[in-house]
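Participant: Going line by line, the protein sequences match chains F and E.
Our numbering puts the first residue of the first sequence at 1, with every later residue one more than the last.
Our numbering puts the first residue of the second sequence at 1, with every later residue one more than the last.
Mixed in with the good hints there might be a few duds.
[To be verified] Okay, the calculated bits of chain E under chain F, using three or more residues with CB under 8 Å as the criterion: (1) 131 to 138; (2) 175 to 183; (3) 193 to 200.
[To be verified] Computed Cβ-Cβ distance ranges for the label pairs, DEER-style: (4) F:R255 to E:R330: 37 to 43 Å; (5) E:D354 to F:S163: 57 to 63 Å; (6) F:L202 to E:T286: 54 to 60 Å; (7) F:R156 to E:N327: 28 to 34 Å; (8) E:N149 to F:E250: 50 to 56 Å; (9) E:V180 to F:G120: 45 to 51 Å; (10) F:S184 to E:D319: 35 to 41 Å; (11) E:D146 to F:S334: 24 to 30 Å; (12) F:E250 to E:D55: 33 to 39 Å; (13) E:D306 to F:D113: 31 to 37 Å; (14) E:T166 to F:S334: 41 to 47 Å; (15) F:S184 to E:K374: 53 to 59 Å.
Think of the hints as simulated: they come from the structure by calculation, not from any bench.
Treat the numbers as computed from the prediction; the structure is a model and nothing was measured.
No residue lacks a Cβ here, since even glycine has one placed at the ideal position from N, Cα and C.
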Amino acid sequence: MLDEPQEQAEGSLTVYVISEHSSLLPQDMMSYIGPKRTAVVRGIMHREAFNIIGRRIVQVAQAMSLTEDVLAAALADHLPEDKWSAEKRRPLKSSLGYEITFSLLNPDPKSHDVHWDIEGAVRRYVQPFLNALSAAGNFSVDSQILYYAMLGVNPRFDSASSSYYLDMHSLPHVINPVESRLGSSAASLYPVLNFLLYVPELAHSPLYIQDKDGAPVATNAFHSPRWGGIMVYNVDSKTYNASVLPVRVEVDMVRVMEVFLAQLRLLFGIAQPQVPPKCLLSGPTSEGLMTWELDRLLWARSVENLATATTTLTSLAQLLGKISNIVIKDDVASEVYKAVAAVQKSAEELASGHLASAFVASQEAVTSSELAFFDPSLLHLLYFPDDQKFDCLFFCPISQHSTLVH
Amino acid sequence: MAAAMPLALPVLLLLGPGGWCLAEPPRDSLREELVITPLPSGDVAATFQFRTRWDSELQREGVSHYRLFPKALGQLISKYSLRELHLSFTQGFWRTRYWGPPFLQAPSGAELWVWFQDTVTDVDKSWKELSNVLSGIFCASLNFIDSTNTVTPTASFKPLGLANDTDHYFLRYAVLPREVVCTENLTPWKKLLPCSSKAGLSVLLKADRLFHTSYHSQAVHIRPVCRNARCTSISWELRQTLSVVFDAFITGQGKKDWSLFRMFSRTLTEPCPLASESRVYVDITTYNQDNETLEVHPPPTTTYQDVILGTRKTYAIYDLLDTAMINNSRNLNIQLKWKRPPENGYIHYQPAQDRLQPHLLEMLIQLPANSVTKVSIQFERALLKWTEYTPDPNHGFYVSPSVLSALVPSMVAAKPVDWEESPLFNSLFPVSDGSNYFVRLYTEPLLVNLPTPDFSMPYNVICLTCTVVAVCYGSFYNLLTRTFHIEEPRTGGLAKRLANLIRRARGVPPL
């Protein structure tokens with residue numbers, strides 16, 4: 001709708017105030033949130049004009065930038081339980097990179113010969129999204145097909161719709177049996193996000209997921225925070241007409257990628273913004289991510305990194321106080337100094353609003369603090385208890401006795 | 001903890017033109033095979049091979065998509081720039097003298113040898129990381145591989161796949177002879193198979209039978225091969241092999257007929273739908289000869305003849321993809337039977353059970369004339385529980401004498417014996433005809449020196465402990481209770497006292 005004049009700096013927001021009767025916005029809309037860090041607010045001719053316009057600007061800014069619940073979600077691991085409601089979703093822990101694995105589970109290869117064009121789908125849909133997110137870390141994508149991989153739960157038959165269903169309470173039990181087949185990533189240290197596409201076997205087709213009211217979920221998919229998502233893809237019953245097994249199934253990647261990308265956004269904590277009343281939200285971009293959503297993510301990540309680094313350094317200091325046997329070598333000490341300097345720099349940059357450098361500094365802080373805390377040389381003398389130091393005095397009574405006799 | 005949330009409202013994304021795309025033709029294929037070889041000693045050897053061929057270029061970068069080829073191994077190839085990888089876990093030793101030459105032998109323990117590609121800059125660092133990652137994948141202690149047990153052979157381990165140049169700087173070889181193979185190593189090996197022990201030949205891989213064998217060897221081999229005869233392009237080949245030898249006495253209880261059910265406690269039910277070829281080969285070389293000692297059921301319809309390892313052999317082929325052989329109502333249970341016992345004679349062996357029953361070995365042998373026959377048995381010495389030793393354990397333990405019962409041909413024909421008329425020394429053993437006589441001989445009992453513990457140790461320990469306690473207690477008691485007081489020295493001796501007595505008697509003052 002609006003032409004973007006120049007590229008905005010990260011962490012910044014530009015708000016245009018237009019006249020009350022301008023036709024840029026539809027008549028009943030008071031504000032508009034654009035995809036690239038710009039917003040438009042309708043002005044007003046009134047005695048309290050500044051207050052009203054100021055309130056509208058504040059509402060728009062709160063929708064587009066860091067709010068308290070985003071911060072609370074980022075600091076979820078560090079807050080005590082009563083301040084944090086367990087029902088809120090936990091986003092992924094901040095890490096230097098992520099590995100995303102798409103797996104197609106085919107438990108019945110005798111009946112279904114499933115083909116999916118995963119390479120094209122990743123190239124067209126997932127890669128642009130990850131390129132837009134590339135400031136938040138390194139991403140790598142993999143895919144595999146697993147045969148004879150069953151879900152751990154037996155679906156129940158619903159005679160009303162003559163289909164099988166999995167109700168909401170059995171969903172947490174689905175993941176564990178499958179996870180042993182998925183294979184953890186052998187070659188990288190980044191956390192893995194798994195997206196599974198399950199084609200139910202012929203005996204249990206069609207299979208639907210029910211929500212807590214007993215109605216089938218529209219997308220037939222669910223996700224688990226900090227792990228990934230599972231979608232059930234039912235084979236169209238018309239393809240069984242020829243009744244020659246196995247039937248060839250071509251997966252509709254558009255439908256599948258819609259769901260997986262939405263789950264990916266939720267896993268990262270990019271939630272739907274709280275749009276203020278009478279505000280028009282711009283349509284989705286081609287990558288699926290608005291720039292100010294990325295800014296919110298980077299803010300939350302920086303804060304989380306700072307909290308993690310601080311906690312790690314504090315734990316190290318407390319440990320040193322309690323156990324006198326820990327050895328701190330020079331390189332560990334230099335990592336601690338680097339971590340502290342990075343924490344201070346990141347806090348300063350956040351206070352002055354330079355988001356990109358603050359995020360980079362916070363990542364350095366986390367890396368240095370973890371290197372210092374988990375260095376194996378700290379424990380070289382740990383298992384040398386104090387009572388063993390007095391073993392040399394074992395022979396004292398005997399020697400004393402023998403000297404006294406003479 | 002998984003708080004599973006059904007996805008209620010997807011964000012509508014403007015997706016580019018997707019639509020229906022035809023998937024590419026399959027780029028990998030699977031062949032599986034089982035070879036059953038009856039061995040001359042009455043044992044049976046079974047060798048499984050699962051081969052996945054992945055038609056993909058050599059350098060793997062960027063996004064990787066896997067179908068039949070397992071993702072864990074594919075990621076290893078790309079991350080560590082491998083050219084070839086050979087890893088084997090073995091328990092036991094292949095006895096070439098009794099069993100014949102093996103298809104593929106592996107050393108006892110774990111063996112790993114790897115050819116890296118020439119783009120690798122620090123081979124030792126990659127080797128260390130690779131052995132650690134493999135020890136995680138296969139649940140084995142391969143992380144003990146370091147520079148103290150790694151070598152770079154220059155002549156023996158040339159690449160088994162395609163190779164342009166062989167600079168042996170990129171080869172590393174290590175063996176861990178102490179590594180024990182168990183179910184923990186078999187389970188991740190089975191998980192790499194596409195049909196994963198649910199269909200096809202991998203159904204037979206049950207750990208409790210596979211480890212009840214004299215020889216068990218499982219291996220993973222990755223190498224680049226030519227895609228076609230003209231070698232215009234290259235594919236990756238993954239071979240997973242498993243060789244076991246079933247012992248006639250331990251598994252077969254002495255009977256010489258084998259079937260798939262007796263060996264693996266399973267039969268073949270259905271072929272793997274992902275395999276392009278799934279076959280069982282049975283070695284029937286002895287079957288085709290005239291004496292017909294071996295019988296195979298179901299009777300083979302096709303055979304395969306070739307020169308294998310230097311000798312001409314014939315194999316019966318059972319094709320699992322052939323619906324006449326195996327379908328929904330019929331299982332395939334291949335049976336082998338020895339129609340008459342081999343020339344070794346009859347052997348009955350009953351192994352011992354600890355503290356229940358002893359070993360029993362009976363042999364029916366025909367001794368050739370003018371010859372010496374030696375029978376040897378290997379045994380191990382073990383320690384008993386300390387209450388089970390006899391009062392004089394250093395004397396040794398007795399093994400009961402062996403018995404030799406024989407029907408010796410008689411030089412002179414004898415007439416049948418009348419029990420009442422003939423003398424007593426002639427009627428000890430019944431004889432059926434006069435041409436031979438029965439004799440039973442015994443050997444001397446065997447005295448075996450077994451390791452005995454030192455029974456004087458409890459006494460020694462008690463003495464030492466009591467001495468130490470006594471010394472310590474004595475010292476402490478002295479320290480706590482000893483007091484010093486001054487004492488007048490006693491002056492003079494016995495003579496002075498006598499003199500004082502006499503003086504007192506005389507009324508004179510004492511000295």
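Participant: All hints are to be evaluated individually against the structure, with a verdict given for each.
Facilitator: Hint-by-hint comparison with the structure:
Counting residues of the segment 131 to 138 of chain E whose CB lies closer than 8 Å to any CB of chain F gives 3, which reaches the minimum of 3, so the coverage claim holds. With 0 residues having a Cβ less than 8 Å from any Cβ of chain F, the segment 175 to 183 of chain E misses the three-residue criterion, and the hint is violated. Counting residues of the segment 193 to 200 of chain E whose C-beta lies closer than 8 Å to any C-beta of chain F gives 5; at least three are required, and the coverage claim holds. In this structure, R255 (chain F) and R330 (chain E) meet the distance hint of 37 to 43 Å, their C-beta atoms being roughly 41 Å apart.
For the hinted restraint 57 to 63 Å between D354 (chain E) and S163 (chain F), the CB-CB distance of approximately 58 Å keeps it satisfied. Roughly 46 Å separates the CB atoms of L202 (chain F) and T286 (chain E), a value that falls outside the hinted 54 to 60 Å. A beta carbon spacing of about 32 Å between R156 (chain F) and N327 (chain E) agrees with the range 28 to 34 Å that was offered as a hint. Taking 50 to 56 Å as the suggested C-beta distance range, the pair N149 (chain E) and E250 (chain F) conforms, at roughly 51 Å.
Here the CB-CB span from V180 (chain E) to G120 (chain F) is close to 47 Å, well matched to the stated 45 to 51 Å. Between S184 (chain F) and D319 (chain E) the Cβ separation comes to about 37 Å, which falls inside the hinted range of 35 to 41 Å. About 28 Å separates the C-beta atoms of D146 (chain E) and S334 (chain F), a value consistent with the hinted range of 24 to 30 Å. At about 21 Å, the beta-carbon gap between E250 (chain F) and D55 (chain E) misses the expected band of 33 to 39 Å.
Checking the proposed 31 to 37 Å range against D306 (chain E) and D113 (chain F) shows it holds: the Cβ atoms sit about 34 Å from each other. Between T166 (chain E) and S334 (chain F) the beta carbons are some 44 Å apart, a value that agrees with the proposed interval 41 to 47 Å. Separated by about 57 Å at the C-beta atoms, S184 (chain F) and K374 (chain E) satisfy the suggested range of 53 to 59 Å.
Hint compliance for this structure: hints 2, 6, 12 are broken, all remaining hints hold.
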